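**Q** Start from chain F and add chain R according to the hints.
Chains as they are written, first to last, in this note's numbering: chain F, 58 to 485; chain R, 58 to 485.
There are no misleading hints in this set.
Mimicking PhoX-like on lysine-lysine, the simulated pairs with C-alpha atoms at most 20 Å apart in a straight line are:
1) F/Lys330 with R/Lys312
2) R/Lys97 with R/Lys117
3) F/Lys465 with F/Lys426
4) F/Lys454 with R/Lys312
5) F/Lys380 with F/Lys330
6) R/Lys110 with R/Lys100
7) F/Lys185 with F/Lys77
8) F/Lys312 with R/Lys330
9) R/Lys426 with R/Lys405
10) R/Lys454 with F/Lys312
11) F/Lys465 with F/Lys88
12) R/Lys405 with R/Lys427
Distance windows between CB atoms, simulated:
13) F/Asp376 with R/Asn369: 46 to 56 Å
14) R/Arg328 with F/Pro208: 35 to 45 Å
15) F/Gln422 with R/Pro307: 19 to 29 Å
16) R/Ala233 with F/Gln441: 51 to 61 Å
17) R/Ala233 with F/Pro307: 32 to 42 Å
18) F/Ser387 with R/Gln243: 47 to 57 Å
19) R/Glu224 with F/Glu239: 56 to 66 Å
20) R/Gly219 with F/Gly234: 52 to 62 Å
21) F/Gly234 with R/Gln227: 39 to 49 Å
22) R/Arg328 with F/Val423: 51 to 61 Å
23) R/Glu419 with F/Ser387: 41 to 51 Å
24) R/Asp377 with F/Lys330: 25 to 35 Å
25) R/Gly373 with F/Gly234: 49 to 59 Å
It should be emphasised that the hints constitute simulated quantities derived from the structure, not laboratory data.
A quick note: this is a predicted structure, and the numbers were derived from the prediction, not measured.
For every residue, glycine included, the Cβ atom is placed at its ideal position computed from N, Cα and C.
Number of protein chains: 2
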Amino acid sequence: MTEKLFVGIGEIRLVIGEEKLSDLFKQVEEKVEWLASFGKSEKNGVTRQLYSKEWQSAQKAVEKQMEEIGLHTYYDDVGNLFGRLMGRQEKSSTILTGSHIDTVIDGGKYDGAYGVIAGLIAIEHLYKHYGLPQKNIEVVSLCEEEGSRFPMTYWGSGSITGIKSFEDIQDLKDAAGIPFVEAMQQAGFGQGKYSPPRRNDLDCFIELHIEQGEVLEREEKSIGIVSHIVGQRRYNITVIGESNHAGTTPMRWRKDAMYAATGLIQVLMERAKETSPDFVATVGQMYVEPNISNVIPRKVTFSVDIRHSDENVLFGFCDDVFKEFERIASRHDTHLNIHNWMNEKPVKMCEKLNKISESILEREQVPFKKMTSGAGHDSQVFGQFCPTSLLFVPSHKGISHSPYEFTKTQDLKQGIELLIKVLYELAY
Amino acid sequence: MTEKLFVGIGEIRLVIGEEKLSDLFKQVEEKVEWLASFGKSEKNGVTRQLYSKEWQSAQKAVEKQMEEIGLHTYYDDVGNLFGRLMGRQEKSSTILTGSHIDTVIDGGKYDGAYGVIAGLIAIEHLYKHYGLPQKNIEVVSLCEEEGSRFPMTYWGSGSITGIKSFEDIQDLKDAAGIPFVEAMQQAGFGQGKYSPPRRNDLDCFIELHIEQGEVLEREEKSIGIVSHIVGQRRYNITVIGESNHAGTTPMRWRKDAMYAATGLIQVLMERAKETSPDFVATVGQMYVEPNISNVIPRKVTFSVDIRHSDENVLFGFCDDVFKEFERIASRHDTHLNIHNWMNEKPVKMCEKLNKISESILEREQVPFKKMTSGAGHDSQVFGQFCPTSLLFVPSHKGISHSPYEFTKTQDLKQGIELLIKVLYELAY
Numbered sequence: 058m059t060e061k062l063f064v065g066i067g068e069i070r071l072v073i074g075e076e077k078l079s080d081l082f083k084q085v086e087e088k089v090e091w092l093a094s095f096g097k098s099e100k101n102g103v104t105r106q107l108y109s110k111e112w113q114s115a116q117k118a119v120e121k122q123m124e125e126i127g128l129h130t131y132y133d134d135v136g137n138l139f140g141r142l143m144g145r146q147e148k149s150s151t152i153l154t155g156s157h158i159d160t161v162i163d164g165g166k167y168d169g170a171y172g173v174i175a176g177l178i179a180i181e182h183l184y185k186h187y188g189l190p191q192k193n194i195e196v197v198s199l200c201e202e203e204g205s206r207f208p209m210t211y212w213g214s215g216s217i218t219g220i221k222s223f224e225d226i227q228d229l230k231d232a233a234g235i236p237f238v239e240a241m242q243q244a245g246f247g248q249g250k251y252s253p254p255r256r257n258d259l260d261c262f263i264e265l266h267i268e269q270g271e272v273l274e275r276e277e278k279s280i281g282i283v284s285h286i287v288g289q290r291r292y293n294i295t296v297i298g299e300s301n302h303a304g305t306t307p308m309r310w311r312k313d314a315m316y317a318a319t320g321l322i323q324v325l326m327e328r329a330k331e332t333s334p335d336f337v338a339t340v341g342q343m344y345v346e347p348n349i350s351n352v353i354p355r356k357v358t359f360s361v362d363i364r365h366s367d368e369n370v371l372f373g374f375c376d377d378v379f380k381e382f383e384r385i386a387s388r389h390d391t392h393l394n395i396h397n398w399m400n401e402k403p404v405k406m407c408e409k410l411n412k413i414s415e416s417i418l419e420r421e422q423v424p425f426k427k428m429t430s431g432a433g434h435d436s437q438v439f440g441q442f443c444p445t446s447l448l449f450v451p452s453h454k455g456i457s458h459s460p461y462e463f464t465k466t467q468d469l470k471q472g473i474e475l476l477i478k479v480l481y482e483l484a485y
Numbered sequence: 058m059t060e061k062l063f064v065g066i067g068e069i070r071l072v073i074g075e076e077k078l079s080d081l082f083k084q085v086e087e088k089v090e091w092l093a094s095f096g097k098s099e100k101n102g103v104t105r106q107l108y109s110k111e112w113q114s115a116q117k118a119v120e121k122q123m124e125e126i127g128l129h130t131y132y133d134d135v136g137n138l139f140g141r142l143m144g145r146q147e148k149s150s151t152i153l154t155g156s157h158i159d160t161v162i163d164g165g166k167y168d169g170a171y172g173v174i175a176g177l178i179a180i181e182h183l184y185k186h187y188g189l190p191q192k193n194i195e196v197v198s199l200c201e202e203e204g205s206r207f208p209m210t211y212w213g214s215g216s217i218t219g220i221k222s223f224e225d226i227q228d229l230k231d232a233a234g235i236p237f238v239e240a241m242q243q244a245g246f247g248q249g250k251y252s253p254p255r256r257n258d259l260d261c262f263i264e265l266h267i268e269q270g271e272v273l274e275r276e277e278k279s280i281g282i283v284s285h286i287v288g289q290r291r292y293n294i295t296v297i298g299e300s301n302h303a304g305t306t307p308m309r310w311r312k313d314a315m316y317a318a319t320g321l322i323q324v325l326m327e328r329a330k331e332t333s334p335d336f337v338a339t340v341g342q343m344y345v346e347p348n349i350s351n352v353i354p355r356k357v358t359f360s361v362d363i364r365h366s367d368e369n370v371l372f373g374f375c376d377d378v379f380k381e382f383e384r385i386a387s388r389h390d391t392h393l394n395i396h397n398w399m400n401e402k403p404v405k406m407c408e409k410l411n412k413i414s415e416s417i418l419e420r421e422q423v424p425f426k427k428m429t430s431g432a433g434h435d436s437q438v439f440g441q442f443c444p445t446s447l448l449f450v451p452s453h454k455g456i457s458h459s460p461y462e463f464t465k466t467q468d469l470k471q472g473i474e475l476l477i478k479v480l481y482e483l484a485y
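The following block holds chain F by itself, in its conformation from the complex:
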């Protein structure tokens, strides 16, 4: 399918006059507020967890919008919502765009939502100005990406690509003890009423998303073209020493889990900085036992999150650092347990798809940056399945998963313009 996709794509064909794009500015501002009104939280954020009432209202509202634009709408059996602009070609394959509709608790207005809104606006613009495309264009409002209600991420894209199935969610429950299956069924899905989510007609997936970092803003770029979504490895590191009295135990006889653990973290950070400018390491979580000010800690557990776009770099880093961890732990007369609980490989985005965006932006002299994505996105699931392009717009100060998440309307518009042009090149 990939081969056929790029046949005939050479010089960028579409030039859109400013007059045609003049309404985008107002449209995007309105639609951001409209979608954020479903699940608006007390703290002025958005809470739209998978299969909740707020989530259902949002999907219904998006469905209505799709119908008003003139799209053929349908759900699949996990709750992904699609709006299709039918292609002229017989048995046409599909160009898919969109993002996820679910949010974290008190999330922002843009994370996920922007990609859905951008798809709606782009497809409306294309239909209005250029009529039906050769190939199907679909905008998808993916049911789930965040994993903030159930311990499950990428349920929407995972179901479409066949990476996830109903088996994976059988035993899952949310914090209130509600089973995943029950929540899904109460929202009307998971009972065979809709078509199976697995797709085999997708030519490619294009996702427009906020950066959730501050690289673009700091470097004054309007668009980020993502080459890779970084690989992530997460660990829990446990250091076990011996509890003892803070006053009566000389330093030389201690088996101090805190002293050892903080030494490990220092080494981790120093090595991360030396490894590569785009290598990141984070210790976000720590638990101490017994956690009493006058007792030497017996046990310290901390999380390690490391990310990079090259899997070999990740492997090499772990090899090296964990050997050093062992040496330090043993110097402190403590035991070490290293538990790896997440291991996501880096995913390469489609160079040819990215090249279309690059050509458009170069021609129009829009400042852009080729970059990696340090955050996970549905594109990393699609990217293992079909040609995929992930495009970023700037996030103010990099703030995300927060009511303070913000992207300037001018930047939102710039992203949608690009999406319109890319979809045109691929589908018309």
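**A** Same frame as chain F, but now just chain R:
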């Protein structure tokens, strides 16, 4: 009073034949089990919190024992229990020995209890074999030392010495919300029914206690003679950085409170080791915000507990290390808050009193060690008020505040023999 106390004490006079001491072994074993039976916990530890039913039963049982020995018993108005062997001298001053009766939750059989038991056995032995002393000898079962029910330590010794008063406990409550005053009154105290706790007739205080450390055991000494109770300073150190996404924030732009805090802790520990072999530093407690594995911590708070017998060393250490803390925090672009919430000066024990023990142990070729106490004891309160001697017996593996707290009977006996001889020298 100090001057008079040591008049006439030169050569050690008392030599006790082995036959007189032959019953000590059995007596101490029995009494340890007897006292531990009041407040015995499910985990086979002892829970005897201030003014609780278990505490009341224990005090009553000790009172009965005192009476059986032939002592004059009385409580003071905070619940300290005294048993007096009246001196022959008119208006005699008092030689006081004993320790505390309260325990932590699931504490051991020896902490505090040993000092009370030792006092009972010693005074009984002296009365039986040598009749009435010249000066009063009293054994005290102090109401409170641990601070494990209310946020108040040394309530017993503090009340006797006038360092603490009813004003200090007016607003205190335990974890169940019961006011200190109410608990005290329900146990029958704090209503003026008994004599005021403040004493002005004390010649000296001698406390026999388990070491709660493993120095004596490791060095194969039977007795520790404490020269100083160390000074303690405790701090909460707060590092404030900025929360950010673990994937999208390059290392160079981070304000990582965890990276900074672990750097501070490493410096603290390294400097502590360099300062002096008997300098100790402990970070027992840490809290991280938001404590999520994929979010760079915004705030890390950790405790610092430092102890040494020389206050100038403590001051110099803090000066030096906190300056370095500021440098490190600022290198990480984080803010630092240093909050000092405990500041106990080192307390010197009485050299002349200690000398009596030394002479006895040297003469009898008992291996002993002059040492500092890293833990706090009632002796540090008495030590600011009257000549005080704190004597240690070994703790197996240094384990304390635990059902596994253990001291060999032979060591317990050795301590009591010493106490008998010291009391004889001082009171007969």
